[in-house]
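Kindly generate the complete structure, drawing on both the sequences and the hints.
Protein chains in written order, with this note's numbering: chain A, 1 to 190; chain B, 1 to 106; chain C, 1 to 395.
Take these hints with a grain of salt, some might be off.
Stated by the list, open to error - Pairwise CB distance ranges, derived in the manner of DEER restraints:
1) B:S28 - C:Y221: 53 to 63 Å
2) C:R395 - A:L153: 45 to 55 Å
3) C:R395 - A:K162: 40 to 50 Å
4) C:P253 - A:D32: 47 to 57 Å
5) C:P208 - B:K12: 23 to 33 Å
6) C:G290 - A:D174: 50 to 60 Å
7) A:E58 - C:S241: 28 to 38 Å
8) C:A314 - A:A48: 49 to 59 Å
9) C:P253 - A:G165: 48 to 58 Å
Said to hold, decoys possible - Pairs of lysine-lysine residues, derived as BS3-like cross-links and limited to a Cα-Cα distance of at most 25 Å, are as follows:
10) A:K166 - C:K5
11) C:K44 - C:K5
12) C:K5 - A:K167
13) C:K190 - C:K5
14) B:K7 - B:K29
15) C:K225 - C:K317
16) A:K162 - A:K132
17) B:K79 - B:K29
18) A:K132 - A:K166
19) A:K128 - A:K167
20) B:K7 - C:K225
21) A:K166 - C:K44
22) C:K248 - C:K5
23) B:K7 - B:K69
24) B:K29 - B:K47
25) C:K5 - A:K162
26) A:K166 - A:K128
27) B:K12 - C:K44
28) B:K47 - B:K12
29) B:K69 - B:K79
30) A:K117 - A:K162
31) A:K162 - C:K44
32) C:K225 - A:K167
33) A:K166 - A:K117
No wet-lab data here; the hints were simulated from the structure.
Cβ atoms here follow ideal geometry from the backbone N, Cα and C, with glycine treated the same way.
Chain residues, written in single-letter form:
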Amino acid sequence: MQQLTEIRWHARAGQGAVTAAKLVAETALELDRYIQAMPEYGPERMGAPIQAFTRISEDPIEIHNNIETPSAVVVLDESLLPIVDVTRGLLADGVLIVNTCTPPAQVRASLGLAAGKVASIDATTISKETLKRDMPNTPMIGALAKVTGLFTLDQVVDHLRKTFGKKFSQEVIDANVAAVTRAYEEVQVG
Amino acid sequence: MSWDISKMNEWKAEEFPRGAVIPQAGNSKDYVTGGWRSERPVRDDAKCTQCLLCWIFCPDSAIDVEGEKVTTFNLNHCKGCGVCANECPASAIEMVPEGCELPEVK
Amino acid sequence: MATQKTLAVTGNVLVAEAMRQCAPDVMGAYPITPQTTIVEEFAKFVANGRVHTEYVTVESEHSAMSACVGASAAGARVMTATSSQGLALMWEELYIAAGMRLPIVMANANRALSAPINIHCDHSDIMGARDAGWIVLFAETAQEAYDNTIMAVRIAEHPDVMLPVMTCLDGFITTHSIDRAQIMDDETVKAFVGDYKPENALLDTDNPVSHGNFAGLGGPYFEFKRAQRNAIDRSAAVIESVGAEWSKICERPFGMVEGWGMEDAELAIVAIGSTAGNARHVARELRAQGVRVGVLKVRCFRPFPFADIAEALAGCKAVAVLDRSESFGAEGGPLFLEVRSALYDRAERPAMVNYIYGLGGSDVKLELLRQVYSDLSDLADGASTPGRLVYLGAR
Numbered sequence: 001m002q003q004l005t006e007i008r009w010h011a012r013a014g015q016g017a018v019t020a021a022k023l024v025a026e027t028a029l030e031l032d033r034y035i036q037a038m039p040e041y042g043p044e045r046m047g048a049p050i051q052a053f054t055r056i057s058e059d060p061i062e063i064h065n066n067i068e069t070p071s072a073v074v075v076l077d078e079s080l081l082p083i084v085d086v087t088r089g090l091l092a093d094g095v096l097i098v099n100t101c102t103p104p105a106q107v108r109a110s111l112g113l114a115a116g117k118v119a120s121i122d123a124t125t126i127s128k129e130t131l132k133r134d135m136p137n138t139p140m141i142g143a144l145a146k147v148t149g150l151f152t153l154d155q156v157v158d159h160l161r162k163t164f165g166k167k168f169s170q171e172v173i174d175a176n177v178a179a180v181t182r183a184y185e186e187v188q189v190g
Numbered sequence: 001m002s003w004d005i006s007k008m009n010e011w012k013a014e015e016f017p018r019g020a021v022i023p024q025a026g027n028s029k030d031y032v033t034g035g036w037r038s039e040r041p042v043r044d045d046a047k048c049t050q051c052l053l054c055w056i057f058c059p060d061s062a063i064d065v066e067g068e069k070v071t072t073f074n075l076n077h078c079k080g081c082g083v084c085a086n087e088c089p090a091s092a093i094e095m096v097p098e099g100c101e102l103p104e105v106k
Numbered sequence: 001m002a003t004q005k006t007l008a009v010t011g012n013v014l015v016a017e018a019m020r021q022c023a024p025d026v027m028g029a030y031p032i033t034p035q036t037t038i039v040e041e042f043a044k045f046v047a048n049g050r051v052h053t054e055y056v057t058v059e060s061e062h063s064a065m066s067a068c069v070g071a072s073a074a075g076a077r078v079m080t081a082t083s084s085q086g087l088a089l090m091w092e093e094l095y096i097a098a099g100m101r102l103p104i105v106m107a108n109a110n111r112a113l114s115a116p117i118n119i120h121c122d123h124s125d126i127m128g129a130r131d132a133g134w135i136v137l138f139a140e141t142a143q144e145a146y147d148n149t150i151m152a153v154r155i156a157e158h159p160d161v162m163l164p165v166m167t168c169l170d171g172f173i174t175t176h177s178i179d180r181a182q183i184m185d186d187e188t189v190k191a192f193v194g195d196y197k198p199e200n201a202l203l204d205t206d207n208p209v210s211h212g213n214f215a216g217l218g219g220p221y222f223e224f225k226r227a228q229r230n231a232i233d234r235s236a237a238v239i240e241s242v243g244a245e246w247s248k249i250c251e252r253p254f255g256m257v258e259g260w261g262m263e264d265a266e267l268a269i270v271a272i273g274s275t276a277g278n279a280r281h282v283a284r285e286l287r288a289q290g291v292r293v294g295v296l297k298v299r300c301f302r303p304f305p306f307a308d309i310a311e312a313l314a315g316c317k318a319v320a321v322l323d324r325s326e327s328f329g330a331e332g333g334p335l336f337l338e339v340r341s342a343l344y345d346r347a348e349r350p351a352m353v354n355y356i357y358g359l360g361g362s363d364v365k366l367e368l369l370r371q372v373y374s375d376l377s378d379l380a381d382g383a384s385t386p387g388r389l390v391y392l393g394a395r
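Next up, the structure:
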């Protein structure tokens with residue numbers, strides 16, 4: 001793992017990107033990392049494009065600004081690709097993970113992205129099949145863990161069980177675990 | 001314990017009670033307002049029915065009562081507003097001009 | 001034994017936790033972005049019986065501070081929180097709270113003032129109220145906001161002080177970002193802050209007193225102001241000692257000013273709040289390249305630690321003071337004016353430049369801070385640029 005991992009999340013308001021940014025930070029905290037998680041604040045408008053950020057580091061994080069040069073970008077909604085510059089500032093060895101059924105090579109080509117890794121995961125289908133609704137945030141965490149190597153599947157699942165255990169039924173927890181696991185296994189990198 | 005303010009004009013900043021608190025109740029009676037008066041109330045005991053309305057209305061509690069009867073005007077505090085004379089149903093109180101002397105407040 | 005738990009938590013939630021642990025008798029609460037989650041979290045604590053505070057929901061910040069003034073005069077331990085326009089609406093009560101020497105503790109989520117409307121961070125709100133007589137502490141992180149809140153209670157209620165304390169944290173940047181921070185166990189905080197034993201409480205009916213009195217023409221108003229000045233001057237020693245005591249318990253440093261690399265720095269940035277962290281991040285990079293840079297963070301703005309600041313900066317060649325607020329028409333931002341004044345009596349003084357930055361939440365990018373150090377390097381070499389006052393990163 002790099003010394004400082006900076007993740008930028010792109011989504012539409014209501015898709016759970018802020019929760020995902022937070023869950024990833026909390027999972028890292030359990031591994032005794034230093035963390036930050038913050039949404040880009042503004043008026044709450046369901047459906048509007050939003051960003052959220054997560055920082056993870058072995059050392060205390062002293063910076064408190066927006067993430068300009070992310071090492072990972074996670075896109076929860078592929079319809080954002082033509083309207084938001086999701087790869088802006090992405091490091092040359094960075095990772096772009098998109099919720100899409102389009103293969104990575106095609107995503108790369110459509111964005112004209114030369115460097116870095118591109119990963120595709122159909123988080124919407126996984127979400128509909130496991131959670132019975134379109135909530136792609138938790139599967140995207142599974143994909144992120146796999147592609148970046150930030151966490152093992154067990155580490156992600158352990159934290160989900162721990163944090164969701166306080167407020168959700170066993171059925172919801174199991175469905176989320178299934179969603180994360182499937183995304184971890186099914187994500188394609190190209 | 002009584003709060004002695006007789007030397008207040010000489011107190012330094014740290015000698016005043018913190019935050020301009022007045023640390024004792026009832027000391028407004030030490031503040032003599034009789035000198036504000038240009039007319040004084042005079043009561044005609046022959047007309048007075050002892051209804052005590054003057055005592056109720058006096059805004060400065062400057063009418064002394066003993067045994068449920070008005071006795072004297074407290075001229076240390078009476079500002080001469082005339083409310084008592086105005087309210088008296090028996091017209092027993094008359095406001096008369098003060099002279100040059102206000103012995104009560106000296 | 002003091003035990004701490006490590007959490008992923010926002011600044012506001014941590015401030016609300018600190019307030020719960022300090023167990024105020026009364027909170028006068030009115031929500032305003034980005035302070036809202038403080039009073040919201042605290043309301044939950046009240047509703048769930050985790051704290052037994054009289055939670056007074058009022059109709060404006062003017063009323064919130066009025067309620068706090070009344071409750072504090074009555075003898076209660078009182079807390080509240082506000083931000084921006086809310087602090088501006090409290091204006092007259094801020095002076096009253098300080099003049100009546102009421103130890104109210106208030107969190108302020110630093111936010112820009114209208115117009116135009118903006119909900120994001122800058123320090124215009126508190127800098128507008130800096131002369132109201134409150135002790136003012138700033139936090140760089142959620143952790144410092146937590147620590148400052150707990151220390152504020154002891155400082156405010158100290159018999160040598162008896163003044164209100166405002167603890168500031170950067171709106172959104174600190175209030176809403178999830179950060180790694182530690183929370184102390186309830187018992188340790190309870191023991192640290194102790195019980196408040198009010199003097200001259202209005203509710204002490206055996207010893208009736210009068211608050212909010214008149215000291216007019218010929219009266220001792222001037223002397224009361226002098227006593228207030230004496231108290232805030234005395235508070236410096238109290239802040240240091242309370243800070244040292246809490247620092248020992250929580251094992252985190254506290255200083256009214258905190259320096260990084262200042263022992264031998266030639267080029268220094270003076271900053272307040274979260275920006276101090278950004279500056280330190282850049283300073284580490286430059287130190288790795290052998291440049292002698294430093295960062296001086298001002299954690300206590302009132303009383304202003306003149307001597308410490310002068311001491312820390314006197315040996316520098318060039319100093320940049322970063323102001324996240326304007327003092328329109330003045331010779332610089334509020335921090336610059338005070339830092340520059342602190343150095344006036346020194347025989348050796350560094351070249352100084354004032355940067356106005358980050359207004360309305362404008363992002364404090366690292367390249368801006370690299371630019372500042374680069375300017376300082378030029379300035380130390382005798383260049384007259386970049387001028388005395390620079391709008392950093394503004395178009």
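Do the hints match the structure? See the list:
1. The hinted range of 53 to 63 Å is not satisfied by B:S28 and C:Y221, whose Cβ atoms lie roughly 20 Å apart.
2. Between C:R395 and A:L153, the C-beta spacing of about 47 Å keeps the proposed range 45 to 55 Å intact.
3. At about 47 Å, the CB distance of C:R395 to A:K162 agrees with the hint of 40 to 50 Å.
4. C:P253 and A:D32 have their C-beta atoms about 21 Å apart, which leaves the hinted 47 to 57 Å range violated.
5. Checking the proposed 23 to 33 Å range against C:P208 and B:K12 shows it holds: the Cβ atoms sit about 26 Å from each other.
6. A C-beta distance of roughly 56 Å is found between C:G290 and A:D174, which places it inside the suggested range of 50 to 60 Å.
7. With their beta carbons about 35 Å apart, A:E58 and C:S241 fall inside the hinted range of 28 to 38 Å.
8. Between C:A314 and A:A48 the beta carbon distance is about 51 Å. The supplied range of 49 to 59 Å therefore holds.
9. A beta carbon spacing of about 37 Å between C:P253 and A:G165 contradicts the range 48 to 58 Å that was offered as a hint.
10. With a CA separation close to 18 Å, the supplied pair A:K166 and C:K5 stays within the 25 Å bound.
11. Our distance criterion of 25 Å between C-alpha atoms is met by C:K44 and C:K5, whose separation comes to about 21 Å.
12. With a CA separation close to 21 Å, the supplied pair C:K5 and A:K167 stays within the 25 Å bound.
13. Simply put, C:K190 and C:K5 have alpha-carbon atoms about 16 Å apart, close enough for the 25 Å limit, and the pair holds.
14. At roughly 17 Å between alpha-carbon atoms, B:K7 and B:K29 fall within 25 Å of each other, so this suggested pair holds.
15. Straight-line distance between C-alpha atoms of C:K225 and C:K317 comes to about 38 Å, which puts the hinted pair past the 25 Å bound.
16. Straight-line distance between C-alpha atoms of A:K162 and A:K132 comes to about 22 Å, which keeps the hinted pair within the 25 Å bound.
17. About 13 Å separates the Cα atoms of B:K79 and B:K29, which keeps this hinted pair within 25 Å; it holds.
18. The hinted pair formed by A:K132 and A:K166 meets the criterion: a straight-line CA distance of about 21 Å does not exceed 25 Å.
19. Taken as a hint, the A:K128 and A:K167 pair is honoured in the structure, with Cα atoms around 21 Å apart against an allowance of 25 Å.
20. Taken as a hint, the B:K7 and C:K225 pair is honoured in the structure, with Cα atoms around 20 Å apart against an allowance of 25 Å.
21. The straight-line distance between the Cα atoms of A:K166 and C:K44 is roughly 17 Å, inside the 25 Å bound, and the hint therefore holds.
22. At roughly 17 Å between alpha-carbon atoms, C:K248 and C:K5 fall within 25 Å of each other, so this suggested pair holds.
23. Of the supplied pair hints, the one linking B:K7 and B:K69 is violated, its CA atoms being roughly 38 Å apart against a limit of 25 Å.
24. Distance hint between B:K29 and B:K47 is unfulfilled; the C-alpha atoms sit about 30 Å from each other, more than 25 Å.
25. For the hint pairing C:K5 with A:K162, the CA-to-CA distance comes to about 16 Å; that is within 25 Å, so the pair holds.
26. For the hint linking A:K166 to A:K128, the alpha-carbon distance of about 23 Å falls within 25 Å, and the restraint holds.
27. Only pairs whose Cα atoms come within 25 Å are accepted, and B:K12 paired with C:K44 is rejected, the gap being roughly 47 Å.
28. A distance of roughly 53 Å separates the Cα atoms of B:K47 and B:K12; the hinted pair therefore is violated under the 25 Å criterion.
29. For the suggested pair B:K69 and B:K79, the alpha carbons sit about 21 Å apart, so the restraint of at most 25 Å is met.
30. For the given pair, A:K117 sits about 31 Å from A:K162 by alpha-carbon distance, which is inconsistent with the 25 Å threshold.
31. Proximity of A:K162 to C:K44 is assessed by CA-CA distance (about 22 Å); at most 25 Å being required, the pair is judged to hold.
32. Among the hinted pairs, C:K225 with A:K167 is inconsistent with the structure: their alpha-carbon atoms are about 54 Å apart, more than 25 Å.
33. Under the criterion of a C-alpha separation no larger than 25 Å, the hint pairing A:K166 with A:K117 is inconsistent with the structure, at around 36 Å.
Consistency with the previously given hints fails for numbers 1, 4, 9, 15, 23, 24, 27, 28, 30, 32 and 33, ordered from lowest to highest.
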